[in-house]
Amino acid sequence: MRTPSVHRLLRIATRLVVVWALLCAAAIGFGRPALTLALPLFDRVIAAVQDDFAAGVEMAQDGKAQNGKGWVLRMQPTLVRPVRLNAELAMPAGTRLRWFATHVDHTLVPPLLFLMALLAWPPDRRSELLIRLLVALPMFLLILALTAPIQLVGQVQMVLAELAALAGEPQREPPLVTLMVFMESGGRWLLPLAGAVLCIALGRRLRGLSRDTTKARPGLATRVQ
Amino acid sequence: MSEHQRRVSGAPAQPKPFRPLRFVAVFVALYAALHALYFAVPDRVLRQVVHYYAIVAPSAGLIKLAAPQEPVRALAGTLESPQASLSIVRGCDGAGVAFLLAAAVLAYPARRRRKLLGVAGALALAYLLNQLRVVGLYFVAAYRHDWFDLLHNFVIPTFIIVVCCVAFAWWASGSAAVQPAPARVR
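Quick mapping for you: the protein sequence lines, in order, are chains A and B.
The first sequence lines up with residues 6 to 230 when you count with the working numbering.
The second sequence lines up with residues 439 to 624 when you count with the working numbering.
Wrong hints could be hidden among the right ones.
To be verified - Reference excerpt, derived from the structure (chain A facing chain B, CB under 8 Å, subset only): (1) ALA18; (2) VAL23; (3) CYS29; (4) ALA30; (5) PHE35; (6) ASP56; (7) ARG79; (8) LEU135; (9) LEU146; (10) ILE148; (11) GLN160; (12) GLU189; (13) LEU195.
Derived from the structure by calculation, the hints contain no laboratory data.
What you are looking at is a predicted structure, and each value in this text was computed from that prediction instead of being measured.
Where is the CB? At the ideal position from N, CA and C, for every residue including glycine.
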């Protein structure tokens, strides 16, 4: 069993902590305006994954969080078709449900972890980092799509499932609620980290295929694995 | 050396080279399996047994050790005091981090003994980090409540992942008995 080098560990740790601290500062400072750009994506995902309700996601201040300085993403769904609770009862189309919300801070965690892993892992060559970031763009959108919108839709479907259970129907967990629970209990860390490993590997492979012959920098990436 | 030759000579088995796609597939599958097992544990058992004896009671002890005047009590899955009430619920018990780290260790090519040590270390580290998180969050909830959401939702979870990444990199660097395969995605 090889003894790991303390020097190598310190380099990895320092790089990760520095990238994490910079991204945290950026997220606290600019995370909210940056997330505003993702709101149309959230709306599209919500419309695509279910057809019971229509809703637009908006950002609003949360009076309870951080002495009124906290922000949430929220939506108030309107049913676009009757939602059957049991054989006799249904919620009619046009019913407005209550507000459903998730914290902005909470929503920023998966993109931050993804960017942290992408930026902290040393590239063999400088151009590899650029390729890595380019190939990471679809994964970044997937991560955004699978976190806040799924959480909001999952909350709505959980309430509808509970109402159906109260109306005497057998308790069933809708698939999006299962996905929401998975994402909320660690999946939202798993997805960005696993996605980052794939993007780093793909970036390295594409960089290897390109014709750039710049000399490789000896980096942690070649030694840590 | 063939498998037969290796067995005859008694040489230790070499772990397979690191393949990113295989690693990610096994990592995700193992995490999902651990998650499913965790959700098979009934809420009552989790709250009254696991959370109480493994998290809340030791946290109350730690808080009293750090601040003997703190009137904190462990009640089922909750840390209670006149200043704050901190509930440990499913998903807030460090299980996600423990599963993440354990799944990464198991998915990484290494010798079996090192994997077992890695999993044990992963569970210990995740538990320790979560205890520190719970104790820290108790004091934040009691005395700096306006910081609670930011720390609970954002800063502490991401920092814990940073620590886990460093721990995994340290473990993996010691496990690299074979040279990594040339970068390729399979």
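A quick look at each hint next to the structure:
no.: 1; hint: ALA18; result: holds (5 Å)
no.: 2; hint: VAL23; result: violated (10 Å)
no.: 3; hint: CYS29; result: holds (6 Å)
no.: 4; hint: ALA30; result: violated (11 Å)
no.: 5; hint: PHE35; result: violated (14 Å)
no.: 6; hint: ASP56; result: violated (27 Å)
no.: 7; hint: ARG79; result: violated (15 Å)
no.: 8; hint: LEU135; result: violated (16 Å)
no.: 9; hint: LEU146; result: violated (18 Å)
no.: 10; hint: ILE148; result: violated (14 Å)
no.: 11; hint: GLN160; result: violated (15 Å)
no.: 12; hint: GLU189; result: holds (6 Å)
no.: 13; hint: LEU195; result: holds (5 Å)
Checked against the numbered hints above, the structure violates hints 2, 4, 5, 6, 7, 8, 9, 10, 11; every other hint is satisfied.
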